[in-house]
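Please model the complete structure; the sequences and the hints are all you need to start from.
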Amino acid sequence: MLELPAGTEEAALRAARRQGLALDGLAAYPHPDSAMPRREGLVIGYGTPSEHAFGAALDALCLALPDR
Numbered sequence: 708m709l710e711l712p713a714g715t716e717e718a719a720l721r722a723a724r725r726q727g728l729a730l731d732g733l734a735a736y737p738h739p740d741s742a743m744p745r746r747e748g749l750v751i752g753y754g755t756p757s758e759h760a761f762g763a764a765l766d767a768l769c770l771a772l773p774d775r
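At position 2 of the sequence shown the residue is numbered 709 (this note's numbering), and the sequence of numbers has no breaks.
A few of these clues could be false.
Now the in silico label distances, taken between C-beta atoms and shown as ranges [what the hints assert, rightly or not]:
id: 1; residue 1: His759; residue 2: His738; range: 29 to 39 angstroms
id: 2; residue 1: Ala760; residue 2: Gly732; range: 21 to 31 angstroms
id: 3; residue 1: Glu717; residue 2: Pro739; range: 16 to 26 angstroms
id: 4; residue 1: His738; residue 2: Ala760; range: 17 to 27 angstroms
id: 5; residue 1: Leu772; residue 2: Arg745; range: 11 to 21 angstroms
id: 6; residue 1: Leu772; residue 2: His738; range: 19 to 29 angstroms
id: 7; residue 1: Leu772; residue 2: Tyr736; range: 17 to 27 angstroms
Simulated from the structure, these hints should not be mistaken for lab results. Since the model is a prediction, treat every value here as computed from it, not as a measurement. Every residue gets a Cβ at the ideal spot worked out from N, C-alpha and C, and that includes glycine.
Here is the structure:
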């Protein structure tokens, strides 16, 4: 899970899709009884790309992240 600044999750997910990445947003996994404030982020699977593709996948992820 990669936490994102408030208000950036949807844009980061759209940018990730444009980069060819299939990620979920943290907003898709709320616990219905939680009193904690909702957080935004990306749920990243680490087992999908083969070793030779991992660097390119990481580069694509970095391009999808919001500027700070």
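Outcome of the hint check:
For the pair His759 and His738, the beta carbons lie near 37 angstroms from each other, so the given range of 29 to 39 angstroms is met. Taking 21 to 31 angstroms as the suggested C-beta distance range, the pair Ala760 and Gly732 conforms, at roughly 23 angstroms. Look at Glu717 against Pro739: about 21 angstroms separates their beta carbons, and that is inside 16 to 26 angstroms. A C-beta distance of roughly 33 angstroms is found between His738 and Ala760, which places it outside the suggested range of 17 to 27 angstroms.
Range check, Leu772 to Arg745: Cβ separation about 19 angstroms, and the 11 to 21 angstroms hint holds. Between Leu772 and His738 the beta carbons are some 25 angstroms apart, a value that agrees with the proposed interval 19 to 29 angstroms. Separated by about 19 angstroms at the C-beta atoms, Leu772 and Tyr736 satisfy the suggested range of 17 to 27 angstroms.
Checked against the numbered hints given earlier, the structure breaks only hint 4 and satisfies all the rest.
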